[in-house]
Amino acid sequence: MPGVISGESNRFLRCLPLSALVVGLLFMIFPAQDSHGQNRLKNSGSPYLLKHAGNPVDWYEWGEEAFDKAKKENKLIFLSIGYTACHWCNELEKEAFDHKDFADVINERYVSVKVDREERPDIDAIYMQAAIALQGHGGWPNNVFLTPGLNPVLAVGFQRREKFKSLLIRVDKYWRDNPEEVEKGGAKIGGILKEYMERGGDFKSVSDLDLDPVKSMMDHKYGGFGTTTKFPMTTILEYLLTAKSDDEFLVTTLDNMARGGLFDHVGGGFHRYCVDPKWETPHFEKMLYDNALLASLYARAAFLLESPEYEYVAKRTLEFMKRELMNSEGGFLSSLDADSEGEEGKYYIWTLKEIESILNDSSFVKDYGVTSEGNVYDIVVTDSGAQKKPTGANTLRRASADRHDKALEKLFKARAKRERPPLDDKVIASWHALAVSAFARAGMWLDDPKLVEQAEKGARFTLDRLKGAHVWRRGKTSGKANLNDTAFSAMAFWDLFEATGKDEYLKAAKDYVDRAKKSFSAGDGGYFLVEKKDDLIARPRVAGDNPVPNSAAVLARVDWRLSTVLGEPQRADDAAKTASHLIGSGGGVNLFTGEAMSLYKETSRKPVELVYAFTPDEKSRTKWLNRGSTRQWGVVRIPLGAESIYPTLIEGRYPAKDTRAYVCLDTVCLAPSTSPDEIGVRLEQIEQARAKPDSNR
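Heads up, the sequence shown is in our numbering, so the first residue is 4 and it goes up one at a time.
You may find that some hints are simply not true.
As the list claims (entries may be wrong) - Simulated DEER-style distance windows between Cβ atoms:
| no. | residue 1 | residue 2 | range |
| --- | --- | --- | --- |
| 1 | S248 | A419 | 40 to 50 angstroms |
| 2 | K413 | G655 | 52 to 62 angstroms |
| 3 | E621 | P216 | 44 to 54 angstroms |
| 4 | G152 | D428 | 34 to 44 angstroms |
| 5 | Y380 | D506 | 50 to 60 angstroms |
| 6 | D514 | R173 | 50 to 60 angstroms |
| 7 | S169 | P311 | 56 to 66 angstroms |
| 8 | E359 | N46 | 48 to 58 angstroms |
| 9 | D250 | Y380 | 28 to 38 angstroms |
| 10 | K413 | K166 | 40 to 50 angstroms |
Said to hold, decoys possible - Straight-line Cα separation of at most 25 angstroms, PhoX-like style, residue types lysine-lysine; simulated pairs:
| no. | residue 1 | residue 2 |
| --- | --- | --- |
| 11 | K483 | K409 |
| 12 | K470 | K420 |
| 13 | K453 | K521 |
| 14 | K369 | K325 |
| 15 | K535 | K580 |
| 16 | K218 | K281 |
| 17 | K197 | K78 |
| 18 | K356 | K325 |
| 19 | K247 | K325 |
| 20 | K510 | K409 |
| 21 | K510 | K470 |
| 22 | K453 | K622 |
| 23 | K580 | K604 |
| 24 | K74 | K168 |
| 25 | K318 | K420 |
| 26 | K74 | K218 |
| 27 | K535 | K72 |
| 28 | K369 | K391 |
| 29 | K325 | K460 |
| 30 | K356 | K409 |
| 31 | K604 | K218 |
| 32 | K349 | K391 |
| 33 | K483 | K197 |
| 34 | K187 | K218 |
| 35 | K356 | K318 |
| 36 | K483 | K470 |
| 37 | K622 | K505 |
| 38 | K72 | K218 |
| 39 | K420 | K356 |
| 40 | K483 | K510 |
FYI, nobody ran anything at the bench for these hints, they're computed from the structure.
Glycine is no exception: its CB is placed at the ideal position from the N, C-alpha and C atoms.
Please work from the sequences and hints to get the whole structure.
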């Protein structure tokens, strides 16, 4: 199933003047649904583009060569955006791009450009918004027809080859017959996109966060949000974990994501999403960012909710990431494909006969829902409508508390003999940083210093290999870091500072924050995704969570913490301004403002300083640190020892003869905690004081 993007699409469509959609509407009356050697993509560094290097389509990479050709020959640009692990992107290649009859049609009429959305998220953001405007929905592959001036006029997703060829011919004819009309309509659409995506201005101030829009989407029976396809909405779940607003829903969601088909019970880690409301049948690709965010969520929930099951899920996910998504230098790799041997999910599914031959364990068969009919279906269209056809294949779904660990080990060994799904081996700076954060946080919350050591290895990769680039692959970097890269790296270094107290990580966090504010700030509290570029028709702002956290909010959360540690109140003011801007520009509380909501909650009250004075030989650092994890907003954990720390925090507390923890409000501290377990008591005391009206901002 192609990915579907919605969000603000309807609101944007209502903003488009009818005249701006003339060309798109006229096109929609139609059914819009070198040789065979290496083409120009053979020199690309992107695994996704390299996949298409053998297509007969005369592909160009995004750049001046393609743009100049389109202008010189007066041709429309056919822009196709996808990514390596995208099942329907791969299907479209097999259906159309790899066929000479299709290539003959498109090569004669268009300048064809291929883009890896993971390498150029700015291009992806612009033309996905265009697709949503023109179609009412979006997803990948995203194929957009552009004028030579790069303005969009039509967007389509997956198409059958004959219908696609017919569409290409008709669109080209319309362009040849009506070039001025198409140019004018495209320019108007492009202008409205620019205005929409760069919009700033003042927004209504928010007095409090009304969760009703989020609650209206909650599925209390199965967990998650909505009643059809289920995505792991990690940032809003993180918000709910701190807010304590509905633990029954939260636990239902965490349980069903961990026990259903979303989780890979055999090898650990999570798939991208489930195509059903019960979390039973996954879309099988595995993305680094999902696993990093979910590992972090489950590790924190394991500690705060005292759940051994969540600890197990977090550790299995981190094990998967280290085993299958990490290179020898400590860089975390992008993704594993959904397909292997030409079939989606083949690596992960089982027949009853296979399970019985490997295990001979009827209790496992029962507990994991394995049947001869199978629980994976093909959809067959008949005269009476679409019907499910059993395939005999099963995804594993755990129905009981018994995990059958030994049986899973046997299945893991058996599965290792299968052909593995293709690996996208590029390191994307932002996703890598999310993984570093996951290991650092889990190390603290699960009291496991070895996980922190792994995070430190990842941090060295950021500093020594990425060096301000967006992508690293096989020793080469490409692209300048964008806001996501910079903000998530800032948070990763802050998390490592919390976990280790090392001055170098605090300095790195500050450096990344200051770099991002200089390069991407819009001046009104908002942030742009990229620096200004000549090859873009718009400079998109970062507006919400989807699917990674809002990087503007992440950046501001680090800046807010730095304000306390460094004694620089302007940083707190900047963060509060960003919080108000993001809540306003995001349309208030919704499923895509979770990170902005957390930022707002933190910046709307004075920070609680949890200052650790560790002895040099303290062996229980992570235990002390995890006792500082709390379901409270705005607790800034500060391990003393860094030279850059605000001097008044150090005075009288460092160096320490015995480890102590000080819980403070406005640098006024309660009696020091002399054991890790006392920290929670002190935090509750300070929370009561902070709840008083005169303690708020």
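Against the structure, the hints:
1. S248 - A419: 40 to 50 angstroms: holds, 43 angstroms
2. K413 - G655: 52 to 62 angstroms: Since the Cβ atoms of K413 and G655 sit about 58 angstroms apart, the hinted range of 52 to 62 angstroms holds.
3. E621 - P216: 44 to 54 angstroms: holds, 45 angstroms
4. G152 - D428: 34 to 44 angstroms: The hinted range 34 to 44 angstroms holds for G152 and D428, with Cβ atoms some 36 angstroms apart.
5. Y380 - D506: 50 to 60 angstroms: With a Cβ separation near 56 angstroms, Y380 and D506 satisfy 50 to 60 angstroms, so the hint holds.
6. D514 - R173: 50 to 60 angstroms: holds, 53 angstroms
7. S169 - P311: 56 to 66 angstroms: holds, 58 angstroms
8. E359 - N46: 48 to 58 angstroms: holds, 50 angstroms
9. D250 - Y380: 28 to 38 angstroms: holds, 34 angstroms
10. K413 - K166: 40 to 50 angstroms: holds, 47 angstroms
11. K483 - K409: violated, 46 angstroms
12. K470 - K420: violated, 38 angstroms
13. K453 - K521: Judged against 25 angstroms, a Cα distance of about 35 angstroms means the pair is violated.
14. K369 - K325: Status violated; Cα separation ~31 angstroms.
15. K535 - K580: Judged against 25 angstroms, a Cα distance of about 23 angstroms means the pair holds.
16. K218 - K281: holds, 18 angstroms
17. K197 - K78: holds, 23 angstroms
18. K356 - K325: violated, 31 angstroms
19. K247 - K325: violated, 32 angstroms
20. K510 - K409: Answer violated: K510 to K409 is near 45 angstroms, above 25 angstroms.
21. K510 - K470: The given pair, whose Cα atoms are some 15 angstroms apart, holds under the 25 angstroms limit.
22. K453 - K622: Roughly 13 angstroms between the alpha carbons, so the hint for K453 and K622 holds.
23. K580 - K604: Roughly 13 angstroms between the alpha carbons, so the hint for K580 and K604 holds.
24. K74 - K168: Distance ~23 angstroms between K74 and K168 Cα, so the pair holds.
25. K318 - K420: holds, 24 angstroms
26. K74 - K218: Given that 25 angstroms is the threshold and the Cα spacing comes to 51 angstroms, the pair is violated.
27. K535 - K72: holds, 24 angstroms
28. K369 - K391: holds, 22 angstroms
29. K325 - K460: holds, 11 angstroms
30. K356 - K409: holds, 19 angstroms
31. K604 - K218: holds, 18 angstroms
32. K349 - K391: Within the cut-off at roughly 18 angstroms; holds.
33. K483 - K197: holds, 22 angstroms
34. K187 - K218: The hint is violated at about 43 angstroms.
35. K356 - K318: Outside the cut-off at roughly 30 angstroms; violated.
36. K483 - K470: Distance of about 10 angstroms is within 25 angstroms: holds.
37. K622 - K505: holds, 16 angstroms
38. K72 - K218: With a Cα-Cα distance of about 51 angstroms, the restraint between K72 and K218 is violated, given a limit of 25 angstroms.
39. K420 - K356: holds, 17 angstroms
40. K483 - K510: holds, 21 angstroms
The structure does not agree with the numbered hints 11, 12, 13, 14, 18, 19, 20, 26, 34, 35 and 38 stated previously, though it agrees with the rest.
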